[in-house]
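2 protein chains.
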Amino acid sequence: MDVVYLDNNATTKPAAEVVAAMLPYLTEFYGNPSSVHRFGQRARQALDEARGQVSTLVGCSESELMFGGGGTELINTAIRGILTARSPRKKIVTSSVEHSATRERCQQLGREGFEVVVIDVDRDGVLDLDRLRSVVDDGVALVSIMWANNETGVIFPVEQIVEICKAHRVPFHCDAVQAVAKIPLNFNEAGVDLATIAAHKFHGPKGVAALYIRRGVRMRALLIGGPQERGRRGGTENVPGIVGMGKAAELAMSGLQQMPRVAAMRDRLEREILTRISDTAVNGRTDQRIPNTTNIGFSRLEAEAILL
Amino acid sequence: MDVVYLDNNATTKPAAEVVAAMLPYLTEFYGNPSSVHRFGQRARQALDEARGQVSTLVGCSESELMFGGGGTELINTAIRGILTARSPRKKIVTSSVEHSATRERCQQLGREGFEVVVIDVDRDGVLDLDRLRSVVDDGVALVSIMWANNETGVIFPVEQIVEICKAHRVPFHCDAVQAVAKIPLNFNEAGVDLATIAAHKFHGPKGVAALYIRRGVRMRALLIGGPQERGRRGGTENVPGIVGMGKAAELAMSGLQQMPRVAAMRDRLEREILTRISDTAVNGRTDQRIPNTTNIGFSRLEAEAILL
Numbered sequence: 001m002d003v004v005y006l007d008n009n010a011t012t013k014p015a016a017e018v019v020a021a022m023l024p025y026l027t028e029f030y031g032n033p034s035s036v037h038r039f040g041q042r043a044r045q046a047l048d049e050a051r052g053q054v055s056t057l058v059g060c061s062e063s064e065l066m067f068g069g070g071g072t073e074l075i076n077t078a079i080r081g082i083l084t085a086r087s088p089r090k091k092i093v094t095s096s097v098e099h100s101a102t103r104e105r106c107q108q109l110g111r112e113g114f115e116v117v118v119i120d121v122d123r124d125g126v127l128d129l130d131r132l133r134s135v136v137d138d139g140v141a142l143v144s145i146m147w148a149n150n151e152t153g154v155i156f157p158v159e160q161i162v163e164i165c166k167a168h169r170v171p172f173h174c175d176a177v178q179a180v181a182k183i184p185l186n187f188n189e190a191g192v193d194l195a196t197i198a199a200h201k202f203h204g205p206k207g208v209a210a211l212y213i214r215r216g217v218r219m220r221a222l223l224i225g226g227p228q229e230r231g232r233r234g235g236t237e238n239v240p241g242i243v244g245m246g247k248a249a250e251l252a253m254s255g256l257q258q259m260p261r262v263a264a265m266r267d268r269l270e271r272e273i274l275t276r277i278s279d280t281a282v283n284g285r286t287d288q289r290i291p292n293t294t295n296i297g298f299s300r301l302e303a304e305a306i307l308l
Numbered sequence: 001m002d003v004v005y006l007d008n009n010a011t012t013k014p015a016a017e018v019v020a021a022m023l024p025y026l027t028e029f030y031g032n033p034s035s036v037h038r039f040g041q042r043a044r045q046a047l048d049e050a051r052g053q054v055s056t057l058v059g060c061s062e063s064e065l066m067f068g069g070g071g072t073e074l075i076n077t078a079i080r081g082i083l084t085a086r087s088p089r090k091k092i093v094t095s096s097v098e099h100s101a102t103r104e105r106c107q108q109l110g111r112e113g114f115e116v117v118v119i120d121v122d123r124d125g126v127l128d129l130d131r132l133r134s135v136v137d138d139g140v141a142l143v144s145i146m147w148a149n150n151e152t153g154v155i156f157p158v159e160q161i162v163e164i165c166k167a168h169r170v171p172f173h174c175d176a177v178q179a180v181a182k183i184p185l186n187f188n189e190a191g192v193d194l195a196t197i198a199a200h201k202f203h204g205p206k207g208v209a210a211l212y213i214r215r216g217v218r219m220r221a222l223l224i225g226g227p228q229e230r231g232r233r234g235g236t237e238n239v240p241g242i243v244g245m246g247k248a249a250e251l252a253m254s255g256l257q258q259m260p261r262v263a264a265m266r267d268r269l270e271r272e273i274l275t276r277i278s279d280t281a282v283n284g285r286t287d288q289r290i291p292n293t294t295n296i297g298f299s300r301l302e303a304e305a306i307l308l
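Going line by line, the protein sequences match chains A and B. Take the first sequence: its position 45, counting from 1, is numbered 45 in the working numbering, and each next residue is one higher. Take the second sequence: its position 156, counting from 1, is numbered 156 in the working numbering, and each next residue is one higher.
Extracted from the complex, chain A is given alone in its bound form (with noise of 0.2 Å):
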């Protein structure tokens, strides 16, 4: 049966390329990365391998990036790690829209005795960037904010909010996981502080993720027990997961050319669907989003029954 799989903001298949590159790791380079001997040194270049493709993709050094296991534990670990750092400031600012795992964290910092501004979006799933610039001062801890969403694949003003926190000396960070692979990044140049990405959406596998720490910015470890990861993450690196991201990373440079197409084929996607039934209306900015997300209501209609 031909399947057509529309649901890759919730995961991607990886890329038959992908598990190429992390079967030999699962089978004849087994070896523990902090093993002396060959086994594992074997593994811990690749590793710096991965980190390197991984760098390329998001426009940072190698030194920047830190792997984990997955995009929940990485924001939990931007999140917390960077407030730990700083506890003079006590407000975090996040916007409405924000994935669970930046959501739920910040209502945790909030029992804990953060003050936690929530920025909305306006009915087009537009930031509201004046509301922001009005709350952000020296007393902030934390920005929190995504570079897309993953429901509407509205594009965030990324640019200005640097500008905003940066007017504040207040640390940034952004959830890239759903923008990653889909428009061009550059960590480095964008200005974020921390950045999280996570291998299973952009063809990877599943269990994954990376996080980009700004050279300069200290934060704390949440996962500790070991040198790994500079003493930001302890635990055994998962070396064919890591490998397979890295490779991600690599076929990503050359997926983000066939963005266009992808765009064209959304687009033609909703103008049927637009025009074919009726009572149907595209939900978000549709001139600034991600090529390959879309968002349509049906008037009437319950989305589970449309889903399944």
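One or more hints might be untrue.
[Unchecked claim] Lysine-lysine pairs mimicking DSSO-like chemistry, simulated, CA-CA at most 30 Å apart:
#1 B:K90 - B:K166
#2 B:K13 - A:K13
#3 A:K166 - A:K90
#4 B:K91 - A:K90
#5 B:K91 - B:K166
#6 B:K90 - A:K90
#7 B:K90 - A:K91
#8 A:K166 - A:K91
[To be verified] With beta-carbon atoms standing in for the labels, derived distance ranges:
#9 A:S254 - B:M253: 44 to 54 Å
#10 A:V262 - B:G231: 31 to 41 Å
#11 A:E302 - B:G231: 21 to 31 Å
#12 A:E302 - B:V3: 54 to 64 Å
#13 A:R111 - B:S254: 39 to 49 Å
Hints listed in this document are in silico derivations from the structure and should not be mistaken for laboratory results. It should be emphasised that the depicted structure is a prediction, and the values quoted were computed from it without experimental measurement. Don't be surprised by glycine CBs; every beta carbon is placed ideally from N, CA and C.
Based on the hints, put chain B in the right spot on chain A.
Relative to the frame of chain A, chain B by itself:
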């Protein structure tokens, strides 16, 4: 070249059956278990099956097991999670020979205001039970002691530790990472409250582990964001990794039958080394060891030189 790999306490080679079990979930069945369509539900079923396999190996019900991204993550989860939930008690008891995940996490809690009591082992690597008995009282928030030591292989007196903890209603977390699949374990019968195992130590993949949480034990999540693992660990599940861990657990059930043979080979290796090389001695009590581990001291030789 024929190779004899002797670093299985650092990491093991994934079994061929494990890799074969994982592959379909890297290729064909790549759905997100949280998706309600059939791609997702197939992945969900795989998680359930793996949970059954692991719970059979360690003697507990499926609902008492949560999966995570590695032993270090779950040791951090266990120790922090239980402390947050029992705040009036401010003392932690651990041993002097724990894995760095336990040791460094406890040290960090020491800096955060907890009193950390470290129980020594004697020159045979045996835990000082009398000292443990004397320090565990109603002010202790958590005891975290390993089941078997990774360096000497010495098995710790879990039964007695449980007794001591129960007398003062102290939660006991047991790092069973090196014990599982080497000796039969039954967490329910043993009476531990929390216990951690990691797949890559018993021929499963890296980057996946499981935490046993006895029914009724309350703890907070470390990785927040999403309803996965009954709200105990947010984030898209590493389906291929968890499937691999399940298969490794199934294989370990029969692997346990081979352990007398492993012990006999280990004993022969030790005998030959002690006989043929002067100034050598076994470290650690030899009659209570996991069967795969030896620790031999070579006087006047550097460890790293021997290793290389």
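Here's how the hints hold up against the structure:
no.	hint	in the structure
1	B:K90 - B:K166	17 Å, holds
2	B:K13 - A:K13	26 Å, holds
3	A:K166 - A:K90	17 Å, holds
4	B:K91 - A:K90	28 Å, holds
5	B:K91 - B:K166	16 Å, holds
6	B:K90 - A:K90	25 Å, holds
7	B:K90 - A:K91	28 Å, holds
8	A:K166 - A:K91	16 Å, holds
9	A:S254 - B:M253: 44 to 54 Å	45 Å, holds
10	A:V262 - B:G231: 31 to 41 Å	35 Å, holds
11	A:E302 - B:G231: 21 to 31 Å	26 Å, holds
12	A:E302 - B:V3: 54 to 64 Å	59 Å, holds
13	A:R111 - B:S254: 39 to 49 Å	47 Å, holds
Hint check: no violations occur; every hint is consistent with the structure.
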